[in-house]
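Position chain Y relative to chain H; hints supplied.
Letter by letter, the chains look like this.
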Amino acid sequence: MAASSSFPFPSRHPVRTSFSVGAIVLIVFAFVPAIAVVVVSFTNLKGLPNLPVDWIGIENYARYFGPARRSDNINALTNTLVFATLATVFQIGIGLAVAILLNRPLKGRNFYRSIVFMPTVLGVTVTALIWSLMFNTSGGPIQSILNAFGTESAFFGDDNIALYLVVFCQVWMQLGVTVIIFLSGLQAIPSDLYEVAGIDGANSWQRFRYVTIPMLAPSITANVLLGIVNAMQSYQLTYVLTGQSNKATQLLSLQVYEQAFGNAQGRQMPGATQGYAAAISMIQFVLVGAITFATLWYLRRREAKL
Amino acid sequence: MTSSAKSASDPILTLAAKPDDFATRKLHKKHRPIGAYIAVAVIMIIFLFPLLYLFNTALKSSQEFITNPVGLVEHPQWSNFAEAWRLGAFGDYILNTALYTFAGASIGTFIALVMGFPVARKYIRGGKLWNALFVLVLFLPNALMTQFHLLLNLHLYDTRIGYILMVGVGVGIGPLLFSGFVKSIPTELDEAAAIDGIGYWRYLFTFVFPLARPALATIFILQAVWIWNEIILATVLLSDSSKWPIATGLNAFKGTYSNNWTLLAAATMIVAGPLIIGYIFIQKYLVNGVVGAVKG
Numbered sequence: 212m213a214a215s216s217s218f219p220f221p222s223r224h225p226v227r228t229s230f231s232v233g234a235i236v237l238i239v240f241a242f243v244p245a246i247a248v249v250v251v252s253f254t255n256l257k258g259l260p261n262l263p264v265d266w267i268g269i270e271n272y273a274r275y276f277g278p279a280r281r282s283d284n285i286n287a288l289t290n291t292l293v294f295a296t297l298a299t300v301f302q303i304g305i306g307l308a309v310a311i312l313l314n315r316p317l318k319g320r321n322f323y324r325s326i327v328f329m330p331t332v333l334g335v336t337v338t339a340l341i342w343s344l345m346f347n348t349s350g351g352p353i354q355s356i357l358n359a360f361g362t363e364s365a366f367f368g369d370d371n372i373a374l375y376l377v378v379f380c381q382v383w384m385q386l387g388v389t390v391i392i393f394l395s396g397l398q399a400i401p402s403d404l405y406e407v408a409g410i411d412g413a414n415s416w417q418r419f420r421y422v423t424i425p426m427l428a429p430s431i432t433a434n435v436l437l438g439i440v441n442a443m444q445s446y447q448l449t450y451v452l453t454g455q456s457n458k459a460t461q462l463l464s465l466q467v468y469e470q471a472f473g474n475a476q477g478r479q480m481p482g483a484t485q486g487y488a489a490a491i492s493m494i495q496f497v498l499v500g501a502i503t504f505a506t507l508w509y510l511r512r513r514e515a516k517l
Numbered sequence: 354m355t356s357s358a359k360s361a362s363d364p365i366l367t368l369a370a371k372p373d374d375f376a377t378r379k380l381h382k383k384h385r386p387i388g389a390y391i392a393v394a395v396i397m398i399i400f401l402f403p404l405l406y407l408f409n410t411a412l413k414s415s416q417e418f419i420t421n422p423v424g425l426v427e428h429p430q431w432s433n434f435a436e437a438w439r440l441g442a443f444g445d446y447i448l449n450t451a452l453y454t455f456a457g458a459s460i461g462t463f464i465a466l467v468m469g470f471p472v473a474r475k476y477i478r479g480g481k482l483w484n485a486l487f488v489l490v491l492f493l494p495n496a497l498m499t500q501f502h503l504l505l506n507l508h509l510y511d512t513r514i515g516y517i518l519m520v521g522v523g524v525g526i527g528p529l530l531f532s533g534f535v536k537s538i539p540t541e542l543d544e545a546a547a548i549d550g551i552g553y554w555r556y557l558f559t560f561v562f563p564l565a566r567p568a569l570a571t572i573f574i575l576q577a578v579w580i581w582n583e584i585i586l587a588t589v590l591l592s593d594s595s596k597w598p599i600a601t602g603l604n605a606f607k608g609t610y611s612n613n614w615t616l617l618a619a620a621t622m623i624v625a626g627p628l629i630i631g632y633i634f635i636q637k638y639l640v641n642g643v644v645g646a647v648k649g
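Just so you know, the protein sequences line up as chains H and Y, in that order. Going by my numbering, the first sequence runs without a break in its numbering and finishes at 517. Going by my numbering, the second sequence runs without a break in its numbering and finishes at 649.
There may be inaccurate statements among the hints.
Distance windows between CB atoms, simulated [what the hints assert, rightly or not]:
1) 399(H) with 420(Y): 53 to 63 Å
2) 475(Y) with 406(H): 35 to 45 Å
3) 370(H) with 428(Y): 36 to 46 Å
4) 428(Y) with 406(H): 51 to 61 Å
5) 416(Y) with 379(H): 24 to 34 Å
6) 371(H) with 416(Y): 30 to 40 Å
7) 425(H) with 635(Y): 26 to 36 Å
8) 428(Y) with 507(H): 49 to 59 Å
Keep in mind the hints are simulated off the structure, nothing from the lab. Backbone N, C-alpha and C define an ideal beta-carbon position, used for all residues, glycine too.
Isolated chain H (complex conformation) (with noise of 0.2 Å):
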């Protein structure tokens, strides 16, 4: 906007060493690790400090594509990529119509969204328990709603469902999030468009479609992208549900976790194979990357339509 560009301070030292500050606690604890990733890859770099590292090529990424793991990899490709569109997809729509309802003068509007947003803040190990509190299948209230049918199920414990009920445990976590930015996203809408609107004879559905909609179309963006990024990389709410090593519920990230440092609480193991781990980091960040460019791409494209 406005030309910045001329510097009104007598010095720029103190500028320069207070972002020098500012930037050099970000490039080593985030850039340097994330860069050292990629490296890190094409080692065999094990859980131990003190063994040799060989540099060893691409072996870990094929090893990754390889045949012997081929089957377990490809599904917890196909799990992560299934978690991300269904939780990516039930937080724009519900988060949406959420939204829309919040929207309204309603009595006690606030406290309604506060309520929503909660869960965010409850975090996942909470999330996590409450779930599979309410998931009991010993009697638990979700079980005895299935008893008055006259069905049971294993939930977590059952292997066709497990992903989807901890994509539901995820939409709950994060809706709030999506409605807000909806809410403030609705709140730019000027009202005068819907009362043009109105006297071009527009009835509901078709205010939305043609007035909500494309003014929505940024904070769609915005909730697509988070939701995106957030669910191909989440894999918390998975570790503390179902464990790990659930092949039901195995993802990307979670795998990444399990060959760094196996099942030991953060201890180094000898059968850690972090080289391999980074391998696979690697490639769930192109993913991230290829999946989000390609839906900024479509989304902005669309914006530029409406």
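Okay, now just chain Y, sitting in the frame of chain H:
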């Protein structure tokens, strides 16, 4: 809803249609739609019932939970909380978490301030590159193993400082959000301050800081929420369990008492309690703050 497609040729009809067509908000105020309230009620049940059920379970004796898992508690066992607190060593964990959350979120907010401002103002060379890096932070690959080795080499493994620095940069969205917010601070203010002989440091902390308080508070809270709930980095970077934050402690507690739901529910309530209470105090600020930050 209203069928407002009225023929515009009939002036009386058009007039009659006006309250319908204009200001839909006012319309909603007049007839409070039952359907909307039913929908809200359903949402509230989905979001509140699990918490109430958790609380209900936390108050039961194991015997009562086995015989009647779903029903309302008859003989509240408040001692469950004391028991869970003692067995889970949550006292230490809460202090750790408070320290990590406050220190980590402060570092993250500080970085957002000192980096976001000059980049947004183009007071720094390579501003575009930095902006790109701020976005890239969100996509960085899962670096658990290299973070582990970095701290090992810096002799910060299994230290509170190492963990704090790692979680301090963990939420990379701060500088991005802040540089967006800086656009709402007029550049004339910078110039006026400079003419009055106010140095950059002083300007940043005594002028920009108070002006940007809503944005900085949002950034701080977003990071604090993330750090409070972080479990994996803590497991990987802190081997000594007495340094763990409470979420990791709760996860370990779950591993030990996975079959004792009354105790586990009490432990979960202990962890959720401070979050809920804290949230009640900041919710308005948080919800509005995030709306504002996203808009900016």
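So, going through the hints one by one against the coordinates:
A C-beta distance of roughly 54 Å is found between residue 399(H) and residue 420(Y), which places it inside the suggested range of 53 to 63 Å. At roughly 40 Å, the beta-carbon separation of residue 475(Y) and residue 406(H) lies within the given 35 to 45 Å, and the hint holds. Range check, residue 370(H) to residue 428(Y): about 39 Å between beta-carbon atoms, so the 36 to 46 Å window is met. Here the CB-CB span from residue 428(Y) to residue 406(H) is close to 60 Å, well matched to the stated 51 to 61 Å.
Take residue 416(Y) and residue 379(H): their Cβ atoms lie about 31 Å apart, and the range 24 to 34 Å holds. For the hinted restraint 30 to 40 Å between residue 371(H) and residue 416(Y), the CB-CB distance of approximately 34 Å keeps it satisfied. Hint check: residue 425(H) to residue 635(Y), Cβ distance near 34 Å, so the stated range 26 to 36 Å holds. With their beta carbons about 57 Å apart, residue 428(Y) and residue 507(H) fall inside the hinted range of 49 to 59 Å.
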